[in-house]
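Top to bottom, those sequences are chains A and B. Taken in order, the first sequence gives residues 390 to 786; the numbers are from our numbering. Taken in order, the second sequence gives residues 390 to 786; the numbers are from our numbering.
It should be emphasised that the hints constitute simulated quantities derived from the structure, not laboratory data. Treat the hints with care, since some could be wrong.
Where chains are identical, the list cannot tell them apart; a pair therefore holds if satisfied intra-copy or between any two copies.
[Stated by the list, open to error] Pairs of lysine-lysine residues, derived as BS3-like cross-links and limited to a Cα-Cα distance of at most 30 Å, are as follows: (1) Lys473 with Lys758; (2) Lys408 with Lys741; (3) Lys452 with Lys473; (4) Lys408 with Lys737; (5) Lys779 with Lys737; (6) Lys509 with Lys452; (7) Lys737 with Lys473; (8) Lys737 with Lys509; (9) Lys452 with Lys485; (10) Lys779 with Lys540; (11) Lys509 with Lys473; (12) Lys748 with Lys779; (13) Lys779 with Lys651.
2 protein chains.
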Amino acid sequence: MTSPIPAGFKMGGFHCGVKRNPNKEDLSLIVCDEDTVAAGVYTTNLVVAAPVVWDRARTPSDKIRAVMTNSGNANACTGEQGDKDNAEMAGIVADKLGVSADQVLTMSTGIIGHHLPMEKIRTGLDEVFQRLGTDESHFDAAARGIMTTDKGKKVAAVECKINGRPVKIIGMCKGAGMIAPNMATMLSVVLTDAQLTPEQAKTVLADVTNTSFNCITVDGHRSTNDTLLLLASGKAGTGELSGPALEAFRAELEQLCQDLAKQIPADGEGSTHLIEINIEGAANRDDAKRIAKTVADSALVKTAITGGDPNWGRIVSAAGYSGVQFDPMGMELTVNGHLLYREGTPVKFDEKTVSQSIKDNFDTNVTLKFNEGNARFRYWSSDLTVEYVKFNSEYRT
Amino acid sequence: MTSPIPAGFKMGGFHCGVKRNPNKEDLSLIVCDEDTVAAGVYTTNLVVAAPVVWDRARTPSDKIRAVMTNSGNANACTGEQGDKDNAEMAGIVADKLGVSADQVLTMSTGIIGHHLPMEKIRTGLDEVFQRLGTDESHFDAAARGIMTTDKGKKVAAVECKINGRPVKIIGMCKGAGMIAPNMATMLSVVLTDAQLTPEQAKTVLADVTNTSFNCITVDGHRSTNDTLLLLASGKAGTGELSGPALEAFRAELEQLCQDLAKQIPADGEGSTHLIEINIEGAANRDDAKRIAKTVADSALVKTAITGGDPNWGRIVSAAGYSGVQFDPMGMELTVNGHLLYREGTPVKFDEKTVSQSIKDNFDTNVTLKFNEGNARFRYWSSDLTVEYVKFNSEYRT
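Construct the entire structure; sequences and hints are all you get.
Encoded structure:
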């Protein structure tokens, strides 16, 4: 088997001591062989961490040379010192590569409101440069280096043909909720050897985000650090993409981002189910998304799934308060393929069978069909368990 | 002490068997001595119960003669039969009073998707008419008759002077979350002997709802049955209200509705804290409300309070993703009077002292000040506990 790592990138991870556990990497570095196209999608939270401010100002770009991430400390709500520390981190990486600090992107995740332990990071950056490589093991170390409370690394890879050339796309992400003590954030980096312009990278990334990372919820809390980066080395020899070739790339990237995104609620804190919510027959996509999100965020829907309870009333009433106008008589609900509700009234169904199908499967499918049009939307959510509450209400000292 | 019951109303409650426990009233009846002014505020959920459809079509009015409520069954998602049952219930009350069914308002709360046990209700209605009276004990029986999983009756009373005349306002409400098995709904009835026109009743009720019943959250789930009714008998001899007199009445009604509304999250399922969220210095009221609601609905803020954790990062970041534009550097956070965050950075504070103040008090005050203007808003929320999740994830059979 050939390596799934796209040409043009080296990567590695290292433990420098931001995290207490010496077996857990807390630095992750991706180095580009040459100036590389990069684009980003960032948190919409008004309260943003230093690295988000830094990256936003430097993407899209065709001159990026590295992505440097630390985990264990979010460098958020850290004032001017936070900006200085972030710039120093980028500067150290840049110096080692002989490039400008503006060519280095940064990400941080972990506790909010504490200054970065710069001494440890300086030493760690020396070390991580010794550990770069192009094997899957290097990618895995880099993927572990962005984790916080994730149970394991979250990665996905795609190989496809674009313009007749083999193209690789590989991605890593992290996130399991906004969690005590303020361990925040969804981070993701996707690498490809396809050729894109900075504007294409920006557009295609924003586009696929709408049907992947923007369609997941654990607890509805958008963090101060959320960042998704796409780097395109162009080394696959596809030439510039346009028309059907660009669309083919977009579709592959969307699939990969959905694979990555779903891993987040599947690993949601205390989660015992991954809930997929399908909305069909809505008047338009915005409506479909709004209904899907409202159902996905409902604590009562989540707890019903936790308990294996085919509680259609909670799902139907959540759709009803989404703010979307629809004919309630045209609504039809199935859970794991079982029809529960149609035309304004409950349908007779065997509660035990449906309950058992929820209990027996990690994946739960909730499908709501409407009579308004042809728009669809899909959303993924974790359920809500006693463990989630325990984990998030335990005092951190 | 004189009775707190406004002149012009009789009331009572009775157990007819909709609820299993024979000690719990499940019928509640309020009868007006004469044609009475009434207005309502109803759920914004698109999926609405039969009594909501009925009352909406008949308010505001100056001809109302009774409010009839059953608890234990919401008569929601019950199709045409549900509408028929509701009309029959109103008709029985109307016949006994010798008035038209259109002069009787109805409310239902309880399980969704089951037809009303009409035989029991018919018999019960005969009985409840024997138990009407004007004492506080009658009011309490009526207040218990609208309860579902509430730990106790929720009532409030005000006596004041309007246009030089003593005026009474008294209210009852129920609600503790949208709970298994679909025990839904916030219901409230407020009675006064002040004199209002139907339009005044409608306007003043909608107005005070915005700062009371619309400012509370347990789990953010708006039910199919939510109803708030105001009945004004005019028996206090105030004459028609206008100008300062109307404003004085509005202020008294607002205070009473806030007293009632706060009792709902205070009795939220599994709740161990009533959280009051104060937003100050916002650009406008809508912004202030949006920030308040976002903080109030955050599972991470709720669980932090449950655990006595002065976790300012969760509160600050919730404000940040509310969708409201503000200067993050102008934000200041206090919890129970302790300053935790100012000018984009955490403030040094004694975590143990703040934690202890959260643990020692049922009421928690969260105040976020902004530098945008002078608008304020207040919101009340329950915390989120293991008991809430247990209660809502237990399978109902």
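- Earlier hints that do not hold, by number: Checked against the structure, no hint fails, so every one of them is satisfied.
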